[in-house]
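Participant: If you want the building blocks of each chain, they are given just below.
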Amino acid sequence: MIQDLVTSLRTLIHEQLFPLDDSVTESSDLHAAGLDSLALMQLILLVENEYSVKITPGDLDRENFSSLEKLAEMIARKKI
Amino acid sequence: MPETYAVDIVVIGGGSAGICASVAAARKGASVVLIERWDKLGGMGTLAMVQTFCGLYHPDVSLPPQLANPGLPAEIEQLSRERTGAEPVKMGKVYVLPQHPDVFASITQELTSAESSLDVWLNTSCTGIAQHPDESFTIYCGERSVTCRALIDTSADAIVAGFLGATRYSTPPEKTQRAAFIFSLQNVGLSAADESFRMRLALEIVHAVEAKELSRLALGTACRASTKHGEIFFTTDLDPAEATELLSQGHLLAIQLTEFLRRKFPEFSEASEPQLAAQPGIRETFRWKGCYTLTAEDLIEGTAFPDAIAFATWPIELRENTKGPRFTYFNQPVPAQIPLRTLVSAEINGVFFAGRCISATHEALASVRVMGTCFATGQAAGHAAVDYLTVDKITSA
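If you read the sequences in order, they're chains L and Y. 48 is the number that numbering that gives the first Met the number 0 gives to position 49 of the first sequence; each next residue is one higher, with no gaps. 164 is the number that numbering that gives the first Met the number 0 gives to position 165 of the second sequence; each next residue is one higher, with no gaps.
Worth flagging that the hints you see were computed from the coordinates, not collected in a lab. Do not take every clue at face value.
Examples of chain L residues lying across from chain Y (beta carbon under 8 angstroms, computed) [as the list claims (entries may be wrong)]:
no., residue
1, Leu16
2, Phe17
3, Leu19
4, Asp35
5, Ser36
6, Ala38
7, Leu39
Below, computed lysine-lysine pairings styled on DSS-like, alpha-carbon distance capped at 25 angstroms [unchecked claim]:
no., chain 1, residue 1, chain 2, residue 2
8, L, Lys53, Y, Lys211
9, Y, Lys322, L, Lys53
10, Y, Lys174, Y, Lys322
11, Y, Lys211, L, Lys69
12, Y, Lys89, Y, Lys227
13, Y, Lys263, L, Lys53
14, Y, Lys211, Y, Lys263
All C-beta atoms in this analysis are idealised placements derived from N, C-alpha and C, irrespective of residue type, glycine included.
Modelling step: build the complete structure from the supplied sequences, incorporating the hints.
Facilitator: See below:
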């Protein structure tokens, strides 16, 4: 499930936010790849709409948005 | 009664480039009139409240910050650091200098008033320009006019090309760089550098947009630290195609966001009314056709020019859509050369340009448009205009 989420997140971010080339792995730093405060807003919007989850202030740990894998894990936790 | 003046050089536009062009020319002994349509100098750095000087430093961030261009760019950097107390900071793969619009307004005033052969005409719009058979110019500003032998266009919009019927370029609307509207709030109980605040702000804005409490335009909001305690700057992202409505859109958004911040964040409950920029932050409009047009390849590959007169250091920063900036860095972390020919008209003798209307492609302009580089091209155009008057001819390679 996490792997599927990572794959769909990668496609979503690559197509709608900023380019993710092959050097960006599931554990690479998303902030370094281009996740600034503008992109963060777009990412929250995309994640909420695409996966039908609601991000709360409690989820706003830098860690949760640090990599594709951490983001996928957070979404998976919220979907249960 | 109409008043007529005569000087060596007229500079049109008192932003970063115009200030440096006029001061540099005056320091070389020329008599100069600087024409500015607003009530203060500084352009984007004061009127649009852009609170960061980009393009001042060498692009190698593995080294301590080093200035890329000597002369006025270095003087302004020094004055700004002394007055604001802010030092250069690393932002990703570049150094920038945080600055304050009020401080920059004072610096521009001091630099220009120190030159006895430089007159600044504020609140003055250029209403017409003619070139005479002896190649001198008359610049009409309503009832006043001034004649000169060399003309420097630092208007950012190549307005001189418009008046004289010379070629000027623009970019198709769908690729034109996005505009910004900036405002500041004072008496705020936290710092914009606080990362947990920035993340919470992002989330609250998204939820307020989803709940239709804020306009979708709010999704382009970014906050920036001020050099003044208790103040935060907010930058919003706007569509430049809305040219005539940019300011009113920006004002409305600033008022909405202020109200929203006061409601959602206790640290903003005592915040001031927003200080609104007088001008939108424009990144791209019209540019001149020079004897050479600078390209992205020149910057990325570091083309060497025999007539290099200034250095560009800022990456190519394209903001063509709402997804935020896309940066392309130079291949080597060294300053890229800007040749004099990009500041010299290919069509009209005696016309020079600097700042955002130099002869550059859409992509190259995305690097050279920043204030640090505008200081440098301004200074170079000021020197080139004096050389033109002295030798009466410029060698265009």
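Participant: Each hint should be assessed against the structure and marked as holding or not.
Facilitator: So, going through the hints one by one against the coordinates:
1. Leu16: holds, 6 angstroms
2. Phe17: Holds, because the Cβ-Cβ distance from Phe17(L) to chain Y comes to roughly 7 angstroms (cut-off 8 angstroms).
3. Leu19: violated, 13 angstroms
4. Asp35: holds, 6 angstroms
5. Ser36: With Cβ-Cβ at 5 angstroms, under 8 angstroms, it holds.
6. Ala38: holds, 5 angstroms
7. Leu39: Interface hint status for Leu39(L): holds (5 angstroms vs cutoff 8 angstroms).
8. Lys53(L) with Lys211(Y): holds, 16 angstroms
9. Lys322(Y) with Lys53(L): Holds, at roughly 22 angstroms.
10. Lys174(Y) with Lys322(Y): At roughly 13 angstroms apart (the allowed maximum being 25 angstroms), Lys322(Y) and Lys174(Y) satisfy the hint.
11. Lys211(Y) with Lys69(L): Cα-Cα ~30 angstroms, so violated.
12. Lys89(Y) with Lys227(Y): holds, 19 angstroms
13. Lys263(Y) with Lys53(L): Roughly 18 angstroms separates the two Cα atoms, so the pair holds.
14. Lys211(Y) with Lys263(Y): holds, 15 angstroms
When the structure is compared with the earlier hints, violations turn up for hints 3 and 11 and for no others.
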